[in-house]
Structures are given as structure tokens and as C-alpha cells.
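Line by line, the protein sequences give chains X and E. Every letter in the first sequence is one number past the one before it in numbering that gives the first Met the number 0, and letter 65, counting from 1, is 64. Every letter in the second sequence is one number past the one before it in numbering that gives the first Met the number 0, and letter 77, counting from 1, is 76.
Derived from the structure by calculation, the hints contain no laboratory data. It is possible that part of the hints are untrue.
Now the in silico label distances, taken between C-beta atoms and shown as ranges [as the list claims (entries may be wrong)]: (1) X/261 / E/308: 51 to 61 Å; (2) E/264 / X/316: 30 to 40 Å; (3) X/265 / E/225: 48 to 58 Å.
Derived list of chain E stretches under chain X, where covered just means 3 residues or more per stretch with a C-beta under 8 Å from a C-beta of chain X [claimed, not checked]: (4) 278-289; (5) 320-330.
Chain X is nowhere near these chain E residues, computed Cβ spacing over 12 Å in every case [claimed, not checked]: (6) 31; (7) 32; (8) 55; (9) 88; (10) 89; (11) 96; (12) 116; (13) 150; (14) 156; (15) 165; (16) 269; (17) 379; (18) 383; (19) 389.
Heads up, the beta-carbon is just placed ideally off N, CA and C, and yes, glycines get one too.
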Amino acid sequence: MKVYMFFTALLFVLGACADNKILQAIDEEKKKAENGSSSGSGSSVPQQNVTIQFAAKVGTQVFDCSTASYTGVGAGGGATLVPKDFRFFVHDVRFVKSNGSEVAVTLTQDSAYQYQNLALLDFENAAAGTQCAAQGNAGTNTTVRGTIAASEALTFTKVRFKLGVPQNLNQNGVGNTNAPLNVTYMFWSWTTGYKHAVVEFNVNTFNPFFTHLGSIDCDTFASPPDIVCDTSNRPAIELNFTYGQTVVADAKELYKDTDFSIANTSGTQPGCHSDRNDAECKAVLNNWGVDFSYTGSSTARGLTASSAGSPTVYPTSGQVFFRVE
Amino acid sequence: MMRALWSATLALVAVGCQNLDFKYIQEPSSFKWDLPPGFPRPREFENNPMTNEKVELGRHLFYDKRLSGNQTQACAGCHHQDKAFSDGLTVGIGSTGQAHPRNSMSLINLAYQPVLTWANSLQTRLNVQANVPLFGTTPVELGLAGMEDTVVARLAADDKYVGLFNAAFAKDAPTISVAHIRDALEAFQRTLISGKSPYDKYITGTDKTAMNAAAKRGMSLFFGETADCFHCHAGITFSSAEDYYSKVAADIQFLNNGIYNVGNANVFPSGNSGLNLVTGNVADNGSFKAPTLRNIELTAPYMHDGSIATLDEVIEHYKRGGRNVTGKGAGFDGDGALNTRKNPLVKNFSGSFTAQDKADLIEFLRSLTDTEFVTNSKFSNPWPKGSSNNP
Numbered sequence: 000m001k002v003y004m005f006f007t008a009l010l011f012v013l014g015a016c017a018d019n020k021i022l023q024a025i026d027e028e029k030k031k032a033e034n035g036s037s038s039g040s041g042s043s044v045p046q047q048n049v050t051i052q053f054a055a056k057v058g059t060q061v062f063d064c065s066t067a068s069y070t071g072v073g074a075g076g077g078a079t080l081v082p083k084d085f086r087f088f089v090h091d092v093r094f095v096k097s098n099g100s101e102v103a104v105t106l107t108q109d110s111a112y113q114y115q116n117l118a119l120l121d122f123e124n125a126a127a128g129t130q131c132a133a134q135g136n137a138g139t140n141t142t143v144r145g146t147i148a149a150s151e152a153l154t155f156t157k158v159r160f161k162l163g164v165p166q167n168l169n170q171n172g173v174g175n176t177n178a179p180l181n182v183t184y185m186f187w188s189w190t191t192g193y194k195h196a197v198v199e200f201n202v203n204t205f206n207p208f209f210t211h212l213g214s215i216d217c218d219t220f221a222s223p224p225d226i227v228c229d230t231s232n233r234p235a236i237e238l239n240f241t242y243g244q245t246v247v248a249d250a251k252e253l254y255k256d257t258d259f260s261i262a263n264t265s266g267t268q269p270g271c272h273s274d275r276n277d278a279e280c281k282a283v284l285n286n287w288g289v290d291f292s293y294t295g296s297s298t299a300r301g302l303t304a305s306s307a308g309s310p311t312v313y314p315t316s317g318q319v320f321f322r323v324e
Numbered sequence: 000m001m002r003a004l005w006s007a008t009l010a011l012v013a014v015g016c017q018n019l020d021f022k023y024i025q026e027p028s029s030f031k032w033d034l035p036p037g038f039p040r041p042r043e044f045e046n047n048p049m050t051n052e053k054v055e056l057g058r059h060l061f062y063d064k065r066l067s068g069n070q071t072q073a074c075a076g077c078h079h080q081d082k083a084f085s086d087g088l089t090v091g092i093g094s095t096g097q098a099h100p101r102n103s104m105s106l107i108n109l110a111y112q113p114v115l116t117w118a119n120s121l122q123t124r125l126n127v128q129a130n131v132p133l134f135g136t137t138p139v140e141l142g143l144a145g146m147e148d149t150v151v152a153r154l155a156a157d158d159k160y161v162g163l164f165n166a167a168f169a170k171d172a173p174t175i176s177v178a179h180i181r182d183a184l185e186a187f188q189r190t191l192i193s194g195k196s197p198y199d200k201y202i203t204g205t206d207k208t209a210m211n212a213a214a215k216r217g218m219s220l221f222f223g224e225t226a227d228c229f230h231c232h233a234g235i236t237f238s239s240a241e242d243y244y245s246k247v248a249a250d251i252q253f254l255n256n257g258i259y260n261v262g263n264a265n266v267f268p269s270g271n272s273g274l275n276l277v278t279g280n281v282a283d284n285g286s287f288k289a290p291t292l293r294n295i296e297l298t299a300p301y302m303h304d305g306s307i308a309t310l311d312e313v314i315e316h317y318k319r320g321g322r323n324v325t326g327k328g329a330g331f332d333g334d335g336a337l338n339t340r341k342n343p344l345v346k347n348f349s350g351s352f353t354a355q356d357k358a359d360l361i362e363f364l365r366s367l368t369d370t371e372f373v374t375n376s377k378f379s380n381p382w383p384k385g386s387s388n389n390p
């Protein structure tokens, strides 16, 4: 208790904004306090390594930049999709025990794909001659790696995590050059933040359908400004899970309600960029477990045009993007 | 109780520290700004203090086409010094030919601007905003998304840059990095300070004859309650956003000037409606930063979408208290004067405003042209004439 009070005091002594390490230290001290362990002794608790395997798929097929195309994706008969990009951030990864209590995973800091409690899952490899080559990079990452107390049996019933970049790491584009926050294609620079997730295909060979999930409705408060995004678009994911299983992210499920034969809404980006005016976003965001608040005027895709000032809200019935295999 | 206290503390931490490195240097540094008479010292940032070495590096980068994916366009491609760093086009055209929805802004006096670009309250630092033109994909501007290693390798292959980066970032290896590119671009752009126009010479008393009689009449209209221009185009920057050390707090306003009222539903054209695209707040539909009027004679066409060609037409729009758009289609037409979100100071003043008044007001706006700035070799292309960066 006293230790984290000290850290809090130190934080304010140091000025308006603390170093990340101090924030981490506070967080760790808080966790120890809540877990009932005595402060200061936590570092000596024996740890064990844990790994969660992720996979990106299109239905039953593995997402691979070198796959020529995937057929039968989407509503209304289905379209043929050419792979282009598949990357997303996750954070706050926890296991759930049979008694309902959570075991938080402390991510291994690897200066590549994991930073603080954030991990980037990257399934594109920028293979030459594929659609991925233009904006991707060579590396891939399909696991989340970390540690939990060695005393925990690996007999979990669920896994929980949040999709996207957490608020404290988003919207701080000044100088955060730590990997994976320095991957330029994941920048959502107009909000000074990041795309939480990127799923991109070309439909029927050439029409791009790019889905970018990100926090919107952002504003600044105080000076120097703090940025807060009211609509976080960071769905909390919970999956029934036995340790050793794979968490699958499935683009075919994400797009199961999207009819690719309907033209993209005029004046909006191709696909869905988390934009309130974008009719393509309802089906996509809802399947990500995100409510969609529509302010556009197009009635394509069965949407109700909103009158100015009163958006039409389409609540999600839950995420279908992730499953466990 | 303790837990509640904890939550409160953590909430403070979480909200207070998103821009972890955003702090002003409290004591002004030794950097020599070369400020026009009467201009206050700009703020400096702890995480990117101004140095001559960074400015020199940033100037080279600003004019370097290697900073675009296909190596055809530099920052300067859309920001020409002779046009006060705007480009004369309706909207900017990126390195791959994609049109930007917005008119390329003049890049002057950015060191005094607490918010950057047309309508984005989140863009407060040039080294962050640089990510938009460098890496943005909707639209593609310089087109470097996913190419960060490539661009670093390109620059590292040039001995000139090895020297410039080492000089600017000697203590922070590796010296050639995306972060340092952005920091140097920020440093250079912050030196683009314009304040030696005939108006400045007149107002500071360095040359009492710098403004002619018509410009002086126009000045009283500008600062008077008839045309009322000064409420939004205020301060040394003639804009609605301004900050420097001696201000208690930054002045930041986003305003609706009534140039659109699509379907008379109090909205601007979809997808280009201003601050609401960032904040999600419907009340912000049509709100933009009032841009600087310095060098305005050189930065046509006007407005965020370049939809007004001349200063004469700009004044006609304001004289009417809003623009009536007709014949542009259902996504544009409507009477901006009736837009209920319009700033109330944008009001019809045609009753008392003569043709001579309009000519005088334009003459005043022309007195804000800083010829010394647009020809200053400190801000010009540093690459050898005839090289690919200076053909």
C-alpha cells in the first residue's frame, strides 16, 4: 500500500505526465494490493511462461497473402476476395479459472510485437507479387506470449482480451517509437492514434474493401491536450477456452452479413473505416461486437437514413470474428 | 474506500497522460528565432527542442521527394514558398494522383498554432501531424505507409543525410529514424514565421508609409463592427487558433462560416463537414478553424475545399451572411445564410457595404502579403539546382 502511494506521489512530483515505467509500477503495485500479497515481494513470485496461439482464417481456410482468392464470402451469394492485409492489436489478456476468477497475463516485452500489455497479431507477410506487398512488412506474429504465476494450474475455462490499442497507448503519437506502435500502416494519424484492427481484401479481383477499426468521436481537453475518444470501438472478447487451443479470427464471419455486390456508399471510403456516415459499417462493426450509430443518408443495405442530429443506432448482437479451435 | 480512491487516482493518471511527452519548456531555450518586430516568443517542446541543426535537416527533408513512396513528391509539392506554402490548386493532389478533400493550407506561423490543419482538434503537434501526409492512405498523400524501413534506408544511403542527421540527433542513435524525420520536419516548419508585411511595418511604426489610404480604410472595415472579420481572424496570426508563452491559455475556436447548408438541413457536404468528423459531435458539423489571412493574396483558391476562387467572391459570401449554393447537386445545394449552426457574427452586411468598401477591404488583405517571407532564402529549396529534388 505504502509503496504505491509513494509512486503516486512521485508521479505528481515529476510533473503532469509520468514515465511509462512509473505507470507500470503503480499498476503492478495495485495488482499486488488487490491480490492480497504483501507489497514489495511480488517480484520474487515464481513465474511460468504461457502462450496463446492465434490464427487468421477465411472460413476454414488459413489467411495467406499467397492464396489467390477466397470464394463464397459475404451475404447474397458471396463474393471472391483477394487477400491484402490482416493485422490487429489485442490488450489486457486474461485467463478465467473455473471459479470465475481471472489470471492476468504479463506480456513478455520483446521490442517487436509486444509492448506493455499490448500485442500486435500480424498475419500478412508482404509476399512479393501479392496484394500484401504494397503496405505490409515481412514479419508475422501469431502468438501472444507472457507469464503468470507458476502456482497457477493451466486449467482455464475462458480467455478474455480486448481488441485494439488501449486508451493510454492510443492518441499519443508524439514520440512513441516502441515496437509494435511504430508500424506505420497501423497509424490512424487523423486521430493521432492507431487502427485497432485492419482486415483488407480486394473484392472480385480489384474493388478494395478495407475495414479499419478505430476509436472515434475524439476531443481534446485541457492544455497540453489530452485526447479522449468517446466511442472507443475496443470490443471486450470472451471465449470458452482450454489452454493450448487456438484463437481464430475469421474474416468470413466478419463479413457474413456484407453483400459485396452492393456498390460502396458514395462519398465514403471503400469498405468500413469506422465512419458513422458509412453504410458499409453496420454489418462489419456489429460482427466485431461494436454498436453502430448511423448518421448517413444512404438507405442502401437496408439502413434507415438518419435525420441530422439523431443517429440511427444498430446495436450489436455480439462478436463473431473470434472463435476457438 | 481504498479501491474507490485507487480508481479515481488511476482515472486521473489515465486521462492525464495520453500525450506522455507533450510538455512546454518553461525557460525559453537559446534558440534564435529571428522573429519579426512585435512577435512574441513561440512555445518550445521538451521532447523536441529547437536547434539550427534540426531546422537545417528539416528543410532538406521538406524539399525531398525521397519522402514519398514513389519518389515523385516532397512536402513542398503541395506547399510552395512563393504561395506562402500553399499550392494554388483547388485541393491537394498526392504522389499517386489521389485528390485530397481539402485545399492545401498555407504553412506560416505554425509555431503559434495550438491546433493544426483545417478542422482537427487532435492535431496539436507537427511531428504527430506529419504522420498524416507521410503515412496516410485515405487519401494517399506521400504514400509511405508500410515503407518506414525503405525511407530510412534511402536517406541512410546519402552521405549528406548521414551528416545532417548526426548533427541534429548526435546523442540519440540511431540518428536516422522516422521519429527524427518527423521531429526535424516540425523544427523546420516552426521557423516559417511571416510578419513583415506592409501592415506589420505600418502597425509597428517601422514604416508609417507602408500602407496606402485604401488599405487603411479597409483596415477599419476589417477591425470594425460592419465587416466584423477580426472576431475570427484574430491576433498576430489572423486566425481563430493562437498560442505563445505569454498567453494564459491557448485560444482555439472552430467556427461555421455558412458556406454550405446542404438541403437546408444545417449540414455541410457529407464526408467534408469539418470538426464533427473528428469529434462525432453533430453540433460541430460545418466547424473549421478560421485560417490565417496573412499572405491571403497568394493562397487562392479559398476555403477548406477550395470552392471560392477570388477574394472578391469571398467578401461577397460574407457580405451576404453565407453562400447560397445552387446547381451543384443535391449533396451541395442549399442556402448557407440559413444554416443554424453558422457563427452569429457571420451576418448580412450588404446594406451599408459599398463597392468602394469591398475594394478597400481587399486592399487591406493585400497589405498582409509578406514579400520578404516568400522570397527568404532560409526557407527555400536547399538542394542543388538541377538535382532531382530541385529540377
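Verification of the supplied hints:
1. X/261 / E/308: 51 to 61 Å: violated, 37 Å
2. E/264 / X/316: 30 to 40 Å: Cβ of residue 264 of chain E to Cβ of residue 316 of chain X: about 31 Å, so the range 30 to 40 Å holds.
3. X/265 / E/225: 48 to 58 Å: violated, 41 Å
4. 278-289: It holds, with 5 qualifying residues against the three required.
5. 320-330: Violated: only 1 residues of the region 320-330 of chain E have a Cβ under 8 Å from chain X.
6. 31: holds, 25 Å
7. 32: holds, 21 Å
8. 55: holds, 21 Å
9. 88: holds, 20 Å
10. 89: Answer for residue 89 of chain E: holds, closest chain X Cβ roughly 17 Å.
11. 96: holds, 15 Å
12. 116: Given a closest Cβ separation of 9 Å, the condition is violated.
13. 150: Given a closest Cβ separation of 9 Å, the condition is violated.
14. 156: Answer for residue 156 of chain E: holds, closest chain X Cβ roughly 20 Å.
15. 165: Label holds. Min Cβ-Cβ 18 Å, cutoff 12 Å.
16. 269: violated, 5 Å
17. 379: holds, 28 Å
18. 383: holds, 30 Å
19. 389: At roughly 27 Å from the nearest Cβ of chain X, residue 389 of chain E sits farther out than 12 Å, so the non-interface label holds.
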